[in-house]
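The numbering used here applies: residue 1 is where the sequence shown begins, and numbers increase by one.
These are computed hints drawn from the structure, not numbers from a lab.
Don't take every hint at face value.
When the alpha-carbon atoms are kept at most 25 Å apart in a straight line, the in silico SDA-like pairs for lysine to any residue are as follows [claimed, not checked]: (1) 79 - 136; (2) 23 - 87; (3) 79 - 64; (4) 56 - 41; (5) 56 - 25; (6) 107 - 145; (7) 23 - 6; (8) 79 - 25; (9) 17 - 137; (10) 105 - 138; (11) 105 - 82; (12) 105 - 64; (13) 17 - 92; (14) 23 - 9; (15) 105 - 22; (16) 23 - 37; (17) 56 - 112; (18) 56 - 82.
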Amino acid sequence: MAVYEILTVGHPALREKAREVTKFNENLGRLLDNMVETMVAANGVGLAAPQIGIGKRVVVIDVGQGPIELVNPVLVEYKGTIQEVEGCLSVPDYTEEVQRHGWVKVKAQDRQGQEFFIEGTELLSRALQHEIDHLDGVLFIDRVQSNPLRDRRER
Numbered sequence: 001m002a003v004y005e006i007l008t009v010g011h012p013a014l015r016e017k018a019r020e021v022t023k024f025n026e027n028l029g030r031l032l033d034n035m036v037e038t039m040v041a042a043n044g045v046g047l048a049a050p051q052i053g054i055g056k057r058v059v060v061i062d063v064g065q066g067p068i069e070l071v072n073p074v075l076v077e078y079k080g081t082i083q084e085v086e087g088c089l090s091v092p093d094y095t096e097e098v099q100r101h102g103w104v105k106v107k108a109q110d111r112q113g114q115e116f117f118i119e120g121t122e123l124l125s126r127a128l129q130h131e132i133d134h135l136d137g138v139l140f141i142d143r144v145q146s147n148p149l150r151d152r153r154e155r
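All chains should be built: construct the whole structure from the sequences, respecting the hints.
Shown next, in the form of structure tokens:
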């Protein structure tokens, strides 16, 4: 397995919308395995493929219950709001409060292409929303009300 370099704020790949995965093969399995290894090595809670320069709709998350792999995830239902401090592997050394939905339901596919649903509250809810944002070129700093990085985030 391999540990990828994580791109940081200002890299154009972080602002691109990721493409839907259509091939469910051993290359996708290797990507997922390497993404989990990269996330663990970086002490992260989640990692989206665009953060390693791969423009595919692939996410891995681990909130302490073991890795969750999501291919082509879509937020399908949500309710409530929570405001908590977030950080991001692509925005090192910066954390800030972000308002998110308190409960979410996400539709995704596994590494074999089988569709499933996952529901989350608290940290899992935030991680799902945060990582799906990455797939659409959105960083958590875009959701911060007062943000000292706002004017320099793309440099």
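Quick rundown of the hints versus the structure:
Between the alpha carbons of residue 79 and residue 136 the distance comes to roughly 21 Å, so the proposed pair stays at or under 25 Å and holds. Only pairs whose Cα atoms come within 25 Å are accepted, and residue 23 paired with residue 87 is rejected, the gap being roughly 31 Å. Pair hint residue 79 plus residue 64 holds up; C-alpha atoms about 23 Å apart against a cutoff of 25 Å. Distance hint between residue 56 and residue 41 is fulfilled; the C-alpha atoms sit about 21 Å from each other, no more than 25 Å.
The hinted pair formed by residue 56 and residue 25 meets the criterion: a straight-line CA distance of about 14 Å does not exceed 25 Å. About 29 Å separates the Cα atoms of residue 107 and residue 145, which puts this hinted pair outside 25 Å; it is violated. Distance restraint check for residue 23 and residue 6: the Cα-Cα separation of roughly 24 Å lies within the 25 Å cut-off, and the hinted pair is therefore satisfied. Pair hint residue 79 plus residue 25 does not hold up; C-alpha atoms about 35 Å apart against a cutoff of 25 Å.
A threshold of 25 Å between alpha carbons decides the hint, and for residue 17 with residue 137 the separation of about 5 Å falls inside it, so the pair holds. About 19 Å separates the Cα atoms of residue 105 and residue 138, which keeps this hinted pair within 25 Å; it holds. Between residue 105 and residue 82, the direct Cα distance comes to roughly 15 Å. Compliance with the 25 Å bound is thereby established for this hinted pair. Distance hint between residue 105 and residue 64 is fulfilled; the C-alpha atoms sit about 19 Å from each other, no more than 25 Å.
Restraint check for residue 17 and residue 92: satisfied, since their Cα atoms lie roughly 22 Å apart, inside the 25 Å limit. With a C-alpha separation of about 29 Å, the suggested pairing of residue 23 with residue 9 is violated against the 25 Å cut-off. Of the pairs offered as hints, the one joining residue 105 and residue 22 holds, with about 22 Å between alpha carbons and a cut-off of 25 Å not exceeded. Taking the CA atoms of residue 23 and residue 37, the gap is about 22 Å. The hint holds against a cut of 25 Å.
With a C-alpha separation of about 15 Å, the suggested pairing of residue 56 with residue 112 holds against the 25 Å cut-off. Proximity of residue 56 to residue 82 is assessed by CA-CA distance (about 28 Å); at most 25 Å being required, the pair is judged violated.
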